[in-house]
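Number of protein chains: 2
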Amino acid sequence: MSPVVGYSLDQLMELAGLAVAQAIYKTYPPESHPNVLFLVGPGNNGGDGLVACRHLKLLGYNPSYYYPKQNRKIPLFESLQTQLALFKIPEVKTSINDDGFKEVVLKADILVDSIFGFSFSPPIREPFGSIIDMLIRNEFDKPIVSVDIPSGWNVDEGPVHDISIQPSMLVSLTAPKPCSLRFTGIHYLGGRFISAEISKKYDITAPEYSGIDQVCRIN
Amino acid sequence: MSPVVGYSLDQLMELAGLAVAQAIYKTYPPESHPNVLFLVGPGNNGGDGLVACRHLKLLGYNPSYYYPKQNRKIPLFESLQTQLALFKIPEVKTSINDDGFKEVVLKADILVDSIFGFSFSPPIREPFGSIIDMLIRNEFDKPIVSVDIPSGWNVDEGPVHDISIQPSMLVSLTAPKPCSLRFTGIHYLGGRFISAEISKKYDITAPEYSGIDQVCRIN
Numbered sequence: 001m002s003p004v005v006g007y008s009l010d011q012l013m014e015l016a017g018l019a020v021a022q023a024i025y026k027t028y029p030p031e032s033h034p035n036v037l038f039l040v041g042p043g044n045n046g047g048d049g050l051v052a053c054r055h056l057k058l059l060g061y062n063p064s065y066y067y068p069k070q071n072r073k074i075p076l077f078e079s080l081q082t083q084l085a086l087f088k089i090p091e092v093k094t095s096i097n098d099d100g101f102k103e104v105v106l107k108a109d110i111l112v113d114s115i116f117g118f119s120f121s122p123p124i125r126e127p128f129g130s131i132i133d134m135l136i137r138n139e140f141d142k143p144i145v146s147v148d149i150p151s152g153w154n155v156d157e158g159p160v161h162d163i164s165i166q167p168s169m170l171v172s173l174t175a176p177k178p179c180s181l182r183f184t185g186i187h188y189l190g191g192r193f194i195s196a197e198i199s200k201k202y203d204i205t206a207p208e209y210s211g212i213d214q215v216c217r218i219n
Numbered sequence: 001m002s003p004v005v006g007y008s009l010d011q012l013m014e015l016a017g018l019a020v021a022q023a024i025y026k027t028y029p030p031e032s033h034p035n036v037l038f039l040v041g042p043g044n045n046g047g048d049g050l051v052a053c054r055h056l057k058l059l060g061y062n063p064s065y066y067y068p069k070q071n072r073k074i075p076l077f078e079s080l081q082t083q084l085a086l087f088k089i090p091e092v093k094t095s096i097n098d099d100g101f102k103e104v105v106l107k108a109d110i111l112v113d114s115i116f117g118f119s120f121s122p123p124i125r126e127p128f129g130s131i132i133d134m135l136i137r138n139e140f141d142k143p144i145v146s147v148d149i150p151s152g153w154n155v156d157e158g159p160v161h162d163i164s165i166q167p168s169m170l171v172s173l174t175a176p177k178p179c180s181l182r183f184t185g186i187h188y189l190g191g192r193f194i195s196a197e198i199s200k201k202y203d204i205t206a207p208e209y210s211g212i213d214q215v216c217r218i219n
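So the sequences go chain by chain: G and Y. Residue 28 in the working numbering sits at position 28 of the first sequence, and the numbers go up by one each step. Residue 177 in the working numbering sits at position 177 of the second sequence, and the numbers go up by one each step.
Just chain G, with the same shape it has in the complex (with noise of 0.2 Å):
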């Protein structure tokens, strides 16, 4: 999630947290993939997972979590972890290098990437490397939905390394950024909060919500 002005990152957050939230919901309905494990990263890529993970619950998921390194910076991200357990949303407290991480994998019937967002530069420290490993080789096979962009690609060139995460979905938030081009998925955009008048002004082109959605499909 981009930064936007006059907002707070509290909004900000809460709405690209709804729109992620809602493009799962249209393209994996709760009732065919009720169980989601987020991978959640230690900056605003993650939070946006957090608030993501609380609203599946309310749209009728069994959501859970796993963050490894949490932020203790910004105090929101506390907040987001006190909701989660007032919702009662189990956080995977299982290490990605234990055994017992591949059963959490099994479980999920759907795996969300908020590891890392547009502004991440090599390179990957532990245990996010191992977490992105776990994703490219998709060994269960299950639907993986990217946050604003794939976690390690590049946010201009996309998928920079030889082996990069393919996930089957992808939800650009605020605008696509430009590697999302070389993203051949289910794509939404979310984060409905940008004016016409800001849209032009740093000449973005994205297609137009319709209605009160607060998610359109891109392709």
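Some hints could be false.
Chain copies aren't distinguished; within one or between two, either way the pair holds.
With a Cα cut of at most 25 Å, we get these calculated SDA-like pairs of lysine to any residue [unchecked claim]:
1. 201 to 58
2. 26 to 208
3. 142 to 28
4. 26 to 157
5. 26 to 211
6. 102 to 124
7. 69 to 8
For the record, the hints were derived by calculation from the structure and aren't laboratory data.
Once you've looked at the hints, dock chain Y against the given chain G.
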């Protein structure tokens, strides 16, 4: 809007205001009701209105707002106004006591009452007495949408004064307040942010939302 455990005001107000905007869209679409005048009080009910005002702009309306007593205690309120300015949403500067105010009202297709909420208690201070009188007379017969509770109603008893606002639509937030049993117009519930456990704990019985909807029609 009631305070809800674990959330920040920014988060709650964003979701509440979004719900108000969506309920307005469902009842009074922008094609037939493009011009919306928000009458904004100094507290959280007013803040919900300021957020809804911005979302209506994103939904294709031409909203404007009259906000005679601005909240200077809570920094969020100033941010909400900054956001409205960035969206080029006009603030009405004509006072309710000026002759020109009639023109302002005449141009509106909908009047939104986000003046006082559930915690209001008399006396009503100026200029809010005059604004509420105007809404009671409603001489141009405009649809009135009240946020959470009609301003001046008692949260339990409803329209305790002989003469009270009779809105055409009410958007209850989090849960319908007891006074809403006295309301016979179009009634929506919004503010989808409490878990089933919390609803049970506080004995909140409310209709169920469907799909990804952030509002549900009660009657």
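Quick rundown of the hints versus the structure:
1. Only between protomers do residue 201 and residue 58 lie at most 25 Å apart by alpha-carbon distance; the minimum there is 16 Å, versus 36 Å within a single protomer.
2. In this assembly of identical chains, residue 26 and residue 208 lie within 25 Å of each other by CA distance both inside one copy and across copies; the values are 17 Å within and 19 Å between.
3. In this assembly of identical chains, the alpha carbons of residue 142 and residue 28 lie at most 25 Å apart only when taken from the same copy (12 Å versus 42 Å across copies).
4. Taking the closest pair of Cα atoms, residue 26 and residue 157 never come within 25 Å of each other, the shortest separation being 28 Å inside a single copy and 41 Å across copies.
5. For the identical chains of this complex, residue 26 and residue 211 are neighbours both inside a copy (16 Å) and across copies (9 Å), given an alpha-carbon limit of 25 Å.
6. In this assembly of identical chains, the alpha carbons of residue 102 and residue 124 lie at most 25 Å apart only when taken from the same copy (21 Å versus 62 Å across copies).
7. Proximity of residue 69 to residue 8 under the C-alpha cut-off of 25 Å is found in both arrangements, the shortest distances being 23 Å within a copy and 23 Å between copies.
Of the numbered hints given earlier, the model fails hint 4 alone.
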